[in-house]
Amino acid sequence: MANLSPFFTLLIAICCSLLGLPALAAADDGESVLHSEVSRAHNQSLFWGPYKPNLYFGVRPRVPQGLWTGLMWGKVNDFDTLRSSFRYTCEQHEGLAGYGWDEYDVRRGGIETIHDVANQVDITVSFVKVPGGAHGGSWAARIKGVPRPDAPADLQTMLTYYIAQEGGGELEIKTDGTDSGFEGDITFAGRSGTLGDYKLVVSKGIGNHPTSDHDLAARRQPGKTTIRSVQMPDEVLWQAKGVVFNQLSEGITNVANTYTTEDGPPAFLVYQLENNPGKGNLHIVQKIFEGPFEFDVLFSSSSAGKELTEADVTAQIKSNSDAFSDKFSKIFELQAPFKDDKYKSFAKNMFSNLVGGIGYFNGHQLVDRSYAPEYEEYNEGFWEETAEARARRQEKLEGPYELFTSVPSRPFFPRGFLWDEGFHLIPILEWDNDLALEIVKSWFNTMDDDGWIAREQILGAEPRSKVPEAFQVQYPHYANPPTLFLIIENFMNNLRKMNGTLPERRETLAFPESPLESAHLDFPELGEAYLRSIYPLLRLHYDWFRKTQRGDIKSYDREAFSTKEAYRWRGRSEAHCLTSGLDDYPRPQPPHPAELHVDLMSWVGFMTKSLLNIADALGMTEEVEEYKKIKNAIERNLNDLHWSEEEGCFCDATVDDFEEHTLVCHKGYISLFPFLVGLMKPDDPKLGKILDLIGDEKHLFSKHGLRSLSAQDELYGTAENYWRSPVWININYLAIVQLHDVAVQEGPFKAKATDLYRRLRKNVVDTIYKSWVDTGFAWEQYNPETGQGQRTQHFTGWTSLVVQIMAMDDVPAVGHVRDEL
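Those letters in the sequence shown? Residues -27 to -1, 1 to 794, per mature numbering (1 follows the signal peptide of the UniProt record, and there is no 0), in order.
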């Protein structure tokens, strides 16, 4: 390419100024220079974060090996509470009245509150980030505790701050102390290849300390901060709770060997670490407070040029909170009937916990690439053969892989799930376009050469420790709903709007106060470059889907418009179809290689529609024509192979005893899928019957949302009852979106869709809100009869879509259709 024109040189200078980037020297390719500089600034702003979401609070950088820290605490008024209620990893039903982020922005930081009933203390963690320099900038955490109303006046809380340096480097204490501990602030100096030189300061803090006239108090001095410094293998460092207890046990043993029950010291002295600071890759910092407390942890990168102070942290906390509230009101402007302040606080909490659950994972995963013949699933009884093949344990560790992703639930699912992630990114894309694109890119970077992406990303020993052995291995012929296509298509639509097609949307899509969040929208050359780079990966994944999940039409003499477009989820058993994401939803019995799954056909149609739109935006004429033909074939075959006129819905298919095509209709989420993914036209007569099914209270509609299975089905509420009655928010969200689309277009079902949209939207929001008020948590699913949250606690993954639902238009009612439903 020729040298830059003076105009383009000036344009780049302006762009860099807007983004806060240094001025750039002239280069042969201005677009690539802009791209590299935006990428550099983008990576720096995302470098640090609470990227260990399995911990109540754990900070790490977005690199495989570096410094990471974690907070632990427990009550030490007695000997029993600490053993049962020592906090570190997020756990379900652990005696908390709620916890999570009240405000959080991944580029700035936020405020997390933890209501610890068992330990009788409420802890607030304020986390701030200050990007700058060559190594990701600086950060700080302010940790504050306030006794709960039922706490004793002398509530004694032990705080442990865990500091680990992985992958070599240096980390040592620079503050002088005494044998019994440290009086004031403690400074650590560190150096590593990924972080450069840095300082980490743990402040003295504010608060009283317990006292005792026991002679051990003279030696251990609970008013001081104590440190244990040790050198440990990297592979052990993640087992922090066990490591800390091992260090505590030495001091406990010394006490037990010195004192009897009658003359023993109080619990807080027994649990105090014996001071032993020095060099090492692990430093355990311990403070013991009585009553309320507060202290700071300040990490300052030398390349940033300025060390953080407590005053900086105070100012940054306020600035971040103000910015978050202002931005939230602009991005998620809640619509009637959800405009009250109570809904706004709820929405902030739900969204903040979604983005506060973003983590960085690095490590090996277990993959079985044996490609045993049984995995082809061509024989009757295939599920038994595949179970035998899996039992041969032919998996191997692959990697290491890296993944930047949000997680469904910090206590129960602290890892990446493929089909969950597309739903997670819907509100994230609205908030921070470029963050969502970064996460999508991270997922596609885990894809193999064939186009397969593991549906669960269990990277390393730490995530694997939370997963039952039966679910740890990933299989390259198993798929998962391709929801990431939702995000790329939405981004492409936003890019078109920003590029002049619909200029009136620019105000709500652009964020001038933080332009890195929208750089790929503000500068179309960056957005188009991203689309062109991701498109081949989308196509590879699409081709893998169509090849590996192909269903059989020809062998069973089925009549259909196309002899190719039919699909079957691989990985079925008699009780489950885990790969579909709908686990125990009823499918044809027994499983058969002739099965065809309507939800999978719908997902492939959805991918085709998305790729058609993206190819059209990129001017790929031949590809557009190819996708049009495939899409038409899929839509025709959905009718030919899956529509039941008698049942008035779409159904899975199999063959009968004479190997004739037959439909198996379990009315529920499966029945709606062509509608849910936007493959039905607003004037399609079949749409009227789908809307009838949605609105029928004897089947799917409830005052808490759409049931996953019809209340009239013989399997309703049976066995595991996972997807056999409960209300799931991701599917309800898809239904609400499609109902809205029908409601705002002219057509024969406009009034009916409007009524359903208004009622379903309110029912879903009210259900999630009430359960959140009652329990302090979002939940994985909701009981269709009571609205009570069920199963996984703190499920702030796709349940956070409630924020998006509250921000949708309050479509005016049209006519009177309630009696018709």
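I should point out that these hints are in silico values taken from the structure, not numbers from a laboratory.
Built from N, CA and C at the ideal position, the CB exists for glycine as well.
Please note that a few of the clues may not be correct.
To be verified - What follows is a set of in silico ranges between Cβ atoms, one per label pair, in the way DEER data are often shown:
(1) His337 - Gly68: 53 to 63 Å
(2) Pro310 - Lys602: 41 to 51 Å
(3) Pro785 - Asn352: 25 to 35 Å
(4) Thr160 - Asn219: 18 to 28 Å
(5) Glu670 - Pro310: 20 to 30 Å
(6) Gln308 - Thr759: 19 to 29 Å
(7) Ile225 - Met420: 41 to 51 Å
What the hints assert, rightly or not - Below are the DMTMM-like pairs computed for lysine to aspartate or glutamate, each with C-alpha atoms no more than 25 Å apart in a straight line:
(8) Lys654 - Glu462
(9) Lys303 - Glu719
(10) Lys317 - Glu403
(11) Lys676 - Glu358
(12) Lys172 - Glu156
(13) Lys676 - Asp525
(14) Lys527 - Glu267
(15) Lys601 - Glu619
(16) Lys662 - Glu719
(17) Lys369 - Glu358
(18) Lys414 - Asp313
(19) Lys439 - Asp158
(20) Lys537 - Glu435
(21) Lys537 - Glu598
(22) Lys147 - Glu267
(23) Lys671 - Glu693
(24) Lys520 - Asp299
(25) Lys439 - Glu375
(26) Lys537 - Glu403
(27) Lys659 - Asp739
(28) Lys317 - Asp782
(29) Lys414 - Glu435
(30) Lys303 - Glu670
(31) Lys315 - Glu403
(32) Lys671 - Glu687
(33) Lys172 - Glu267
(34) Lys369 - Glu403
(35) Lys735 - Glu306
(36) Lys601 - Asp525
(37) Lys414 - Glu462
Legend entry - Enumerated hints in conflict with the structure, sorted upward: Violated hints: 1, 3, 9, 11, 13, 14, 15, 18, 19, 20, 24, 26, 27, 30, 34; rest satisfied.
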